[in-house]
Amino acid sequence: MHHLVVDEWSRRPGWLQQRDPRAKLVVLLTYLVCVSTMRELTPPALVALTVPLAAGLVLGKLPVSGVAARAMLVLPFAGPVALAAWLGGRPAQGLSLLVRAFLSAAAVLVVAGATPMPLLLRGLEGLGAPSFLVLVVQFLHRYLFVLSEQAQHMRLAALSRGAGHGRARRRRALWRAAGGALAVLFARSHARAAAIHRAMLARGYRSAIPSLAHMKMGVPDWWLAAAGVILIAGLRTVLALGS
Amino acid sequence: MHIPDGLLSPGIWVGTWAASAAAVGLAARRAQRELDESRVPLLGVMGAFVFAAQMVNFPLGFGSSGHLVGSVLLAVTLGPAPAIVVMTAILLVQALVFQDGGVLALGANVFNMAVAGLLAGYLPWALAGGARLRSIALVVGGFVSVMVSGGLAVAELALSGVAIPPLLAWSAAGLFALNGLLEGLLTLAVVRALAVVQPGAVRTAATAGRTMVALGGAALVLATGLVAIASEAPDVFDSLAERTGIADRARALILTPLAEYRLAWAPDSWWGQAAAGLSGLIVMYAVGVALARIFAKRRSA
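Protein chains in written order, with this note's numbering: chain A, 762 to 1004; chain B, 4 to 304.
Pulled out of the complex, with its shape left as it was, chain A reads as follows (with noise of 0.2 Å):
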């Protein structure tokens, strides 16, 4: 599952891997913001924006065939948009947004595929997140996947007793029987919830959740996000002058 996937890339030895999250969502958002403000993708600017992404390939030691397939799983998205400005007389304006979200999802990829999830959402924090934001989001992550494969389970279940099967007028009996189903998902997510706060309440939860990890810059890190930086918006000026 492309989750684990990139959960496994964030657990590798790069040197990418041991940079603070902050530093690295630094030069990701200046990155971003350099593709989302080029105006014409020329071949020179298409492979300008490539060494950043190289570089954080290199230096996270991240597979590039699995990156870029990973990638494209954004180009349906992006797919339909382009083909408005196709038809609507722009061919070269619809490449050139397939392109940019294509390197932008890259971008956002080598981040995530170098950082693991809660290091991801400490960073943010410490960028000036609303901690009560990254609080729901740090229990959502964690039972994501808990949640997800209950309701695997009672799909499969509703599958083997003949669920999807039917002729129209049962129709209605399989809309009952998945609005049932999301129903029971739903009491047991809420008796859950109070379960989890029941628990860590008897672990000394005090409305934040600990990490071993202490989060604090070093050389390296202010290397990576002044280069980063430096680097990417250099490139961004470069390309403007010369456009």
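Source of the hints: derived by calculation from the structure; they are not laboratory data.
No residue lacks a Cβ here, since even glycine has one placed at the ideal position from N, Cα and C.
Heads up, a few of these hints could be off.
Computed beta-carbon distance windows for the label pairs [claimed, not checked]:
| # | chain 1 | residue 1 | chain 2 | residue 2 | range |
| --- | --- | --- | --- | --- | --- |
| 1 | B | 206 | A | 826 | 24 to 30 Å |
| 2 | B | 176 | A | 917 | 21 to 27 Å |
| 3 | A | 922 | B | 206 | 30 to 36 Å |
| 4 | A | 825 | B | 57 | 29 to 35 Å |
| 5 | B | 29 | A | 803 | 41 to 47 Å |
| 6 | A | 959 | B | 57 | 24 to 30 Å |
| 7 | B | 17 | A | 978 | 25 to 31 Å |
| 8 | B | 246 | A | 841 | 18 to 24 Å |
| 9 | A | 804 | B | 181 | 38 to 44 Å |
| 10 | A | 803 | B | 136 | 54 to 60 Å |
| 11 | A | 803 | B | 166 | 18 to 24 Å |
| 12 | A | 887 | B | 203 | 35 to 41 Å |
Dock chain B against chain A, hints included.
Below, chain B without anything else, positioned relative to chain A:
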């Protein structure tokens, strides 16, 4: 519709980020006030529930099926402020873990789906009184939430300079309408089942709040919808100025992007006027809340 990165112009993603940050910040503060600490894990688990719920398929016939999106369901079970926080958390996880929606575009996606779409979908429920009306409100709310989210996404792409032919725009509207109807019916199916499995899970809007919601909804419709049929003729003062020949002497001392109640970069379009109207509403609401707080503090002091 999750907008990926690279499609929106800087003006649009900066603007939507600012609007979303303000809205989510307010919603988070309100949610923290409304909920006690024991309910914080509930918000995360409910977000995980929505993810899991999207795996349960409802048969549509012709070999196809659909799934719940869940924003209206979250709003009627948790309340609108906590639901905004949960939907924002979902969109954040989708962007970072599953690359479904961009990071720069997150502001726009949050505004479309977690703020505007969610509140628009909650509005019918907040106004509905009896049980029968609530069933209709759920279907209408689900429909409206998808139409508002989808419409905003298309408008943002158009304002970003993406050429969208009218036929494609109408096709998209048709698809959104179909998905919206599905969302409404699915939400109704789940809420009805919840009434049996977990009575009390679904909240009812307070009566005192209904008047405010109705007024707010009316203002929104007037500012964004009815401008399409508003008269283009000048008002009394402008007409008098033209007839007496002094209209040419008028000079704007400051230039703003919303001059003449239109967006500077889309002056002749309906959405330019609607966006200007909506911006004005938001500014007036913010000024009103700020003034009310100042007066309340002075009174209590």
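How the hints compare with the structure:
no.	hint	result
1	B/206 <-> A/826: 24 to 30 Å	violated, 49 Å
2	B/176 <-> A/917: 21 to 27 Å	violated, 37 Å
3	A/922 <-> B/206: 30 to 36 Å	holds, 33 Å
4	A/825 <-> B/57: 29 to 35 Å	holds, 31 Å
5	B/29 <-> A/803: 41 to 47 Å	holds, 43 Å
6	A/959 <-> B/57: 24 to 30 Å	holds, 28 Å
7	B/17 <-> A/978: 25 to 31 Å	holds, 27 Å
8	B/246 <-> A/841: 18 to 24 Å	violated, 51 Å
9	A/804 <-> B/181: 38 to 44 Å	holds, 41 Å
10	A/803 <-> B/136: 54 to 60 Å	holds, 58 Å
11	A/803 <-> B/166: 18 to 24 Å	holds, 20 Å
12	A/887 <-> B/203: 35 to 41 Å	holds, 39 Å
Checked against the numbered hints given earlier, this structure breaks hints 1, 2 and 8; the rest are met.
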